[in-house]
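Visitor: Produce the entire structure from the sequences given, and follow the hints as far as they go.
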Amino acid sequence: MKAHLQQLLDEALARLRDEGVLPDGVAAAAAVERARDARHGDFATNAALVLAKAAGLHPRELAERIVAALPESPRVAAVEIAGPGFINFRLAPEAWLEAVRAALAAGERWGHGTAGGGRRVQVEFVSANPTGPLHVGHGRGAAYGDSLANLLAAAGWRVHREYYVNDAGRQMDILAVSVWLRYLELCGEPVAFPDAGYQGDYVYDIAADLHRADGEAHRRPWAEVARELPPDAPAGDRERHMDALIARARELLGPEGWARVHRLGLEVMLDLIRRDLEAFGVRYDSWFSERSLVEDGAVGRAVERLRAAGHVYERDGALWFRASAFGDEKDRVLVRENGQPTYFASDVAYHLSKVERGFEHMIDVWGADHHGYVPRLRAALAALGIEPERLEVRLVQFAVLYRGGEKVQMSTRSGEFVTLRELREEVGTDAARFFYVLRSAEQHLDFDLDLAKARTADNPVYYVQYAHARVCSVMRQLAERGLAHDRERGLAALGRLTEPHEERLVRTLARWPEVVESAAAARAPHQVAHYLRELANDFHVYYGAVPFLVDDAALRDARLALILAVRQTIANGLALLGVSAPERM
RNA sequence: GCGCCCGUAGCUCAGCUGGAUAGAGCGUCGGCCUCCGGAGCCGAAGGUCAGAGGUUCGAAUCCUCUCGGGCGCGCCA
Numbered sequence: 001m002k003a004h005l006q007q008l009l010d011e012a013l014a015r016l017r018d019e020g021v022l023p024d025g026v027a028a029a030a031a032v033e034r035a036r037d038a039r040h041g042d043f044a045t046n047a048a049l050v051l052a053k054a055a056g057l058h059p060r061e062l063a064e065r066i067v068a069a070l071p072e073s074p075r076v077a078a079v080e081i082a083g084p085g086f087i088n089f090r091l092a093p094e095a096w097l098e099a100v101r102a103a104l105a106a107g108e109r110w111g112h113g114t115a116g117g118g119r120r121v122q123v124e125f126v127s128a129n130p131t132g133p134l135h136v137g138h139g140r141g142a143a144y145g146d147s148l149a150n151l152l153a154a155a156g157w158r159v160h161r162e163y164y165v166n167d168a169g170r171q172m173d174i175l176a177v178s179v180w181l182r183y184l185e186l187c188g189e190p191v192a193f194p195d196a197g198y199q200g201d202y203v204y205d206i207a208a209d210l211h212r213a214d215g216e217a218h219r220r221p222w223a224e225v226a227r228e229l230p231p232d233a234p235a236g237d238r239e240r241h242m243d244a245l246i247a248r249a250r251e252l253l254g255p256e257g258w259a260r261v262h263r264l265g266l267e268v269m270l271d272l273i274r275r276d277l278e279a280f281g282v283r284y285d286s287w288f289s290e291r292s293l294v295e296d297g298a299v300g301r302a303v304e305r306l307r308a309a310g311h312v313y314e315r316d317g318a319l320w321f322r323a324s325a326f327g328d329e330k331d332r333v334l335v336r337e338n339g340q341p342t343y344f345a346s347d348v349a350y351h352l353s354k355v356e357r358g359f360e361h362m363i364d365v366w367g368a369d370h371h372g373y374v375p376r377l378r379a380a381l382a383a384l385g386i387e388p389e390r391l392e393v394r395l396v397q398f399a400v401l402y403r404g405g406e407k408v409q410m411s412t413r414s415g416e417f418v419t420l421r422e423l424r425e426e427v428g429t430d431a432a433r434f435f436y437v438l439r440s441a442e443q444h445l446d447f448d449l450d451l452a453k454a455r456t457a458d459n460p461v462y463y464v465q466y467a468h469a470r471v472c473s474v475m476r477q478l479a480e481r482g483l484a485h486d487r488e489r490g491l492a493a494l495g496r497l498t499e500p501h502e503e504r505l506v507r508t509l510a511r512w513p514e515v516v517e518s519a520a521a522a523r524a525p526h527q528v529a530h531y532l533r534e535l536a537n538d539f540h541v542y543y544g545a546v547p548f549l550v551d552d553a554a555l556r557d558a559r560l561a562l563i564l565a566v567r568q569t570i571a572n573g574l575a576l577l578g579v580s581a582p583e584r585m
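When we follow my numbering, the leftmost residue of the first sequence carries the number 1, and every step to the right adds one.
It is worth saying that the hints were derived from the structure and are not from the lab.
Just so it is clear, the structure is predicted and the values come from calculations on it, not from any experiment.
Built from N, CA and C at the ideal position, the CB exists for glycine as well.
Misleading hints may appear alongside valid ones.
Stated by the list, open to error - Per label pair, the in silico range of CB-to-CB distance:
| id | residue 1 | residue 2 | range |
| --- | --- | --- | --- |
| 1 | Gly56 | Gly117 | 16 to 22 Å |
| 2 | His370 | Glu256 | 47 to 53 Å |
| 3 | Asp205 | Gly117 | 44 to 50 Å |
| 4 | Gly317 | Gly405 | 51 to 57 Å |
| 5 | Pro231 | Ser580 | 53 to 59 Å |
Guide: Written out as structure tokens, the structure reads:
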């Protein structure tokens, strides 16, 4: 609908250009938008205000010229000039009713668009280190990233979802050591668990798996493990102590034993994470291993490409990338003094791989605490001759849980964080996913657990789902009365939907394709959530004011066609957010 | 100290590629159940859009500064 008006406007502007009223090449700024106030009609354009200066005319004079140049359209009932020079369009009632027809005809694809043009976009999200269970912070990234991917697909992009697995590096070594030490405890060794180790209960579970599978094959006397280690905190340095422990574990277990423990930790954690996400409605197209980049030489090749391009130098025994030449605040180390590539080096290789795999656009969803990392990655892409705009980083702010009006305290350090699984078990996947995307991602989120669990109208997810269930209930009522819905008769009689509540509901319904396009363009799933609330509200009001199951069969079928279109819209919207649309509640 | 994000109704937040009288939910107060599910609906009160300048025909929206809050500034990931 909006596109139709935009086309009419463009034709009018083109005509004025031909007549010499407007200079060439200035029409781009003119836009058609929904009127906020019903008294301003349905749509409005600021074309005359924006172009008045270029035309050398007063805005209202230009507005008159534009209106005179507009082609006729059966969908437009009235065009008027208002205020400082706005042109307001009022649509013919039939124009709105097309939305009902379109919704029922398109079904699950109602609202989907082609703005993406079939371009390939990769959305990488969550990518939490497989060193512990997902917590509620990851949950927000999961809900946001998955909904965003759904939205982009609905907007005509070819979407690939990926999880980057940080399976190389020290964090994984710490997990392996933690598992091994808990295993030694199970064997009966008097272990002093290190301060920097992973404290969570899940580590015991992995250790128990190891003990069950391999018996005491990896048992070593504690005295031998602890011999001459630098002191742990609080007396010593916990990180130095941990590094020594890692080296000791490698030495005592040998390459095979160490690899076994390391791999088991990774596999168990990844499996846990994968199942957590699946239960949360999130599925990936691929899980990309950091270690694979190291092993197949991709990291080395990325570093060499930077070197060949002349953006690398040596200092203090390390290899540096000249990031400051590409907008970053300082240069960054690629290869450490000890010969090990940094996380940054593998991340450069990883993003290079994304480009090489043919993704025209890359979206990374990160926790907001990583924002300082964006400039260096963009710098690296620029240095590799890749337009940095192809990488889009979306930062997701933290979520704070509230229960009984009190903030739920969390601390990763002590292992006292609320896991995504616990959240899911407490409030359910539907409520969790809806609440997570109710706010724009860049806003801190206050997550009210009590409200998420509430089965009342205050709870927005129930409110929306209830509208869907209510339509289903009406259809059941229809059947109980021995009646059936005749869609064709209903569509033919749409013109009889003249109640104010019907006009309002139809207009909201007709906005859906615009909502999908806008939410995808703005990377803003919360727009979908807000729209659904509004649509549900219009529906509930209509429901309370106008009976659907009337004796007049044509009118009844027209009303049912309308509410079935509403049901389809709600189902499609909830699907984008990963929330179910129940038939009864 | 430097950088990024945020500051809109009592609370939680939309609106931010500039547009007409700043919106919603909750909460508060007052109403509505012989009727398709009351898990619903209607009404009222409630605002210096943190503050000050600037750009513009027009600023919650763009720019600058100040104040307040969060985050980041490793050869960690």
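Visitor: Now look at each hint and say whether the structure bears it out.
Guide: Hints, verified against the model:
Range check, Gly56 to Gly117: about 37 Å between beta-carbon atoms, so the 16 to 22 Å window is missed. Roughly 35 Å separates the CB atoms of His370 and Glu256, a value that falls outside the hinted 47 to 53 Å. For Asp205 and Gly117, the hinted distance range of 44 to 50 Å is satisfied, since their beta carbons lie about 47 Å from each other. The hinted window of 51 to 57 Å between Gly317 and Gly405 holds, with their beta carbons roughly 55 Å apart.
One distance hint, 53 to 59 Å for the beta-carbon pair Pro231 and Ser580, holds here, with the actual separation near 54 Å.
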